[in-house]
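> Modelling step: build the complete structure from the supplied sequences, incorporating the hints.
Each chain, letter by letter, is given below.
There are 2 protein chains.
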Amino acid sequence: MTSHIAIDVMGGDHGPEVTVRAAARFLSRHPDAGLLLVGDQATIERYLEAETGVDLGRIEVVHADQVVAMDESPAVALRTKKRSSMRLAIDLVKDGRAQAAVSAGNTGALMATAKFVLKTLPGIERPAICTALPNDGGHTHMLDLGANVDCDAEHLFQFAVMGSVLVEAFDNNPSPRVGLLNVGAEAMKGNDTVKSAAERLISGPVNYIGFVEGDDIYKGTVDVVVCDGFVGNVALKSSEGVAKMISHFLRQEFKRGIFSRLAALMAMPVLARLKNRVDPGRFNGASLLGLQGIVIKSHGGADVASFGHALDVALREIDMDVPRRIDQQLEQLLQERQSS
Amino acid sequence: MTSHIAIDVMGGDHGPEVTVRAAARFLSRHPDAGLLLVGDQATIERYLEAETGVDLGRIEVVHADQVVAMDESPAVALRTKKRSSMRLAIDLVKDGRAQAAVSAGNTGALMATAKFVLKTLPGIERPAICTALPNDGGHTHMLDLGANVDCDAEHLFQFAVMGSVLVEAFDNNPSPRVGLLNVGAEAMKGNDTVKSAAERLISGPVNYIGFVEGDDIYKGTVDVVVCDGFVGNVALKSSEGVAKMISHFLRQEFKRGIFSRLAALMAMPVLARLKNRVDPGRFNGASLLGLQGIVIKSHGGADVASFGHALDVALREIDMDVPRRIDQQLEQLLQERQSS
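Residue numbers (our numbering), protein chains in the order written: chain A, 1 to 340; chain B, 1 to 340.
Worth double-checking, as some hints may not be accurate.
As the list claims (entries may be wrong) - Taking lysine-lysine and the DSS-like style, the derived pairs with C-alpha atoms no more than 27 Å apart in a straight line are: (1) A:Lys255 to B:Lys255; (2) B:Lys255 to A:Lys219; (3) B:Lys219 to B:Lys244; (4) B:Lys219 to A:Lys275; (5) A:Lys255 to B:Lys219; (6) A:Lys219 to A:Lys195; (7) A:Lys189 to B:Lys82; (8) A:Lys94 to A:Lys82; (9) B:Lys244 to A:Lys275; (10) B:Lys255 to A:Lys244; (11) A:Lys244 to B:Lys244; (12) B:Lys255 to A:Lys275; (13) A:Lys219 to B:Lys219; (14) A:Lys219 to B:Lys244; (15) B:Lys275 to A:Lys219; (16) B:Lys189 to A:Lys82; (17) B:Lys219 to A:Lys244; (18) A:Lys255 to B:Lys244; (19) B:Lys275 to B:Lys219; (20) A:Lys195 to B:Lys195; (21) B:Lys244 to A:Lys189; (22) A:Lys255 to B:Lys275; (23) B:Lys195 to B:Lys219; (24) B:Lys275 to A:Lys275; (25) A:Lys119 to B:Lys189; (26) B:Lys189 to A:Lys244.
Bear in mind the hints are in silico, worked out from the structure with no lab data behind them.
Encoded structure:
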């Protein structure tokens with residue numbers, strides 16, 4: 001069966017200019033996939049015409065006459081934007097016409113809409129946002145990144161289970177190492193919530209290796225880092241801030257005097273390789289985990305290549321049947337808890 | 001009056017090898033300051049003999065026959081290490097023989113001991129750890145960095161007041177901009193604790209500019225970033241992790257092939273300047289704020305230069321009379337609250 005992805009074409013800072021072009025390239029990369037482009041029909045068609053060699057037989061345009069603004073309140077978007085490109089893309093997943101929805105739009109609205117339309121999996125109280133981040137040897141998945149600013153131990157436990165299943169499926173990793181983000185590795189460290197989550201995880205179904213610290217995200221010590229959405233969001237944005245500052249300093253220093261400029265010229269291929277290794281675009285595409293369906297959030301500012309990466313993530317989650325696998329794992333857990 | 005700093009000579013990963021050498025250099029930089037070197041007398045004297053041109057008249061050795069281990073529980077250290085170099089250094093502040101104590105030892109033990117011996121300032125429920133971090137134009141102070149893993153709105157409010165007074169004194173900044181770390185800049189974002197802290201700060205005595213996000217730490221948007229110790233610790237360590245990963249990648253890429261090695265040679269002065277700008281050693285010396293006395297925590301792994309920076313921070317806080325200024329600000333606040 002052909003996999004179909006519904007794209008919220010209007011979402012993100014650049015809208016169809018990025019999303020439609022990324023869609024065209026995605027079809028060339030994946031000759032078996034189909035796309036549903038949701039947004040203003042005339043605009044989509046205009047952008048499609050500009051692309052050459054697109055297999056239009058695998059594209060369906062679904063007209064939407066509303067757009068969710070990037071700064072719109074999730075509650076307002078949910079109530080008043082029932083014909084928005086974001087909402088219709090998720091409706092297509094609900095109706096079974098698409099197996100995943102991808103949007104670069106307003107994160108809060110996307111989460112609220114996805115939760116309302118698709119519902120959470122049985123046993124899941126809160127969906128979480130999970131993304132891959134670069135580490136020394138490959139990548140680390142981290143969740144939650146901002147969907148839940150207040151979490152209790154059971155939420156963290158559920159995040160761990162969902163993250164573990166995702167990585168198992170996504171990376172063909174039979175036993176992902178799961179760490180709980182804390183202020184120290186010793187058992188006595190941390191607040192009551194992480195201590196209590198640790199107790200659940202020790203006897204839980206995942207390969208829990210204990211507490212990890214902020215720098216472990218980038219060390220490759222673990223495959224999955226679990227934290228509440230407040231901490232995860234701050235960690236992610238602090239990391240981005242440092243990386244930007246270093247890159248800014250580097251550019252400044254390479255411009256100081258003629259010798260430095262010459263060195264910059266020589267170092268250009270090295271710096272390009274470095275940029276590629278830490279490029280957030282290569283890791284674009286965060287999964288909204290815990291829903292009865294696949295929804296992928298792209299960075300708002302994504303370019304064509306990185307939005308394409310988010311589409312690839314969606315396709316891989318379809319192929320690996322991620323929501324069903326999470327559901328099975330949860331059901332098993334529920335049975336074990338009931339019988340114990 | 002000569003300012004005296006008590007140094008926990010035995011603390012840190014390197015102990016007297018770093019601390020005594022840093023002490024000798026400190027005296028050359030500051031011809032009016034005096035030092036109390038606390039630790040094993042014979043060891044200290046041996047290291048002092050190796051230094052040339054030290055003004056021994058400004059050094060007093062205080063023997064301590066115990067050492068707090070880096071991984072010792074704070075409660076155990078407090079109970080069983082009453083003759084440790086750390087404890088005696090803080091006792092010297094309590095007794096008025098020193099105006100500040102500096103240690104590269106166990107953070108938890110240092111905080112517990114300082115709180116027990118010196119007591120908190122009236123009105124302060126919890127001391128906080130505050131340090132400077134580099135930003136695009138200079139530095140940002142951030143607190144708490146790990147002393148308090150559970151904070152309520154009043155604690156965050158107090159951190160904001162203490163951080164503001166510190167920066168006012170330390171940087172001669174008449175009105176430091178204070179931001180509250182959150183997952184978004186909009187007022188509706190965040191958990192109840194930060195929302196409630198924001199309400200207090202809006203009508204409070206500091207120049208509160210609103211919510212800031214993780215990347216603002218390194219942008220220079222604000223002078224003081226306030227958060228609970230869990231979030232602060234994770235943000236700090238995530239930042240360190242990213243910086244290390246980038247530096248590691250850079251070294252790897254500069255080693256790939258003969259051309260890259262040549263480029264590395266050319267780029268060396270640039271990379272040295274970059275390293276200097278983001279070097280954590282330049283920002284070494286975290287303040288334990290909210291105590292009736294000055295206690296400065298150095299990184300455990302500090303080298304001679306960066307431990308020296310922590311000593312400079314201590315001297316500057318003595319000169320600027322930081323604890324008294326915080327006390328005055330708090331007293332004024334208390335009076336305002338009582339009269340309103």
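> Hinted pair, alpha-carbon criterion (27 Å max): Lys119 of chain A, Lys189 of chain B. Please report holds or violated.
Holds - the C-alpha atoms of Lys189 of chain B and Lys119 of chain A are around 23 Å apart, at most 27 Å.
> Take a quick look at whether Lys219 of chain B and Lys244 of chain B sit within 27 Å of each other, Cα to Cα.
holds, 19 Å
> Holds or violated: Lys255 of chain B with Lys219 of chain A, Cα cutoff 27 Å?
Holds. Lys255 of chain B to Lys219 of chain A sits at ~20 Å (cutoff 27 Å).
> Within 27 Å, alpha carbon to alpha carbon, are Lys244 of chain B and Lys189 of chain A?
Judged against 27 Å, a Cα distance of about 24 Å means the pair holds.
> Run the distance test for Lys189 of chain B versus Lys82 of chain A: straight-line Cα separation, threshold 27 Å.
holds, 23 Å
> Hint check: Lys255 of chain A vs Lys244 of chain B, CA-CA at most 27 Å. Holds or violated?
Holds, at about 23 Å.
> CA of Lys244 of chain A to CA of Lys244 of chain B, is that 27 Å or under?
holds, 14 Å
> For Lys219 of chain A and Lys195 of chain A, compute the direct alpha-carbon distance and say whether it is at most 27 Å.
holds, 23 Å
> Need the status of pair Lys255 of chain B, Lys275 of chain A: alpha-carbon distance at most 27 Å?
holds, 16 Å
> Verify the proposed pairing of Lys189 of chain B with Lys244 of chain A, using a straight-line Cα cut of 27 Å.
Holds. Lys189 of chain B to Lys244 of chain A sits at ~24 Å (cutoff 27 Å).
> Take a quick look at whether Lys255 of chain A and Lys275 of chain B sit within 27 Å of each other, Cα to Cα.
Measuring from Cα to Cα gives roughly 16 Å; hence the hint holds.
> Sort out whether Lys219 of chain B lies within 27 Å of Lys255 of chain A, counting only the CA atoms.
Roughly 20 Å separates the two Cα atoms, so the pair holds.
Violated hints: none; the structure is consistent with every hint.
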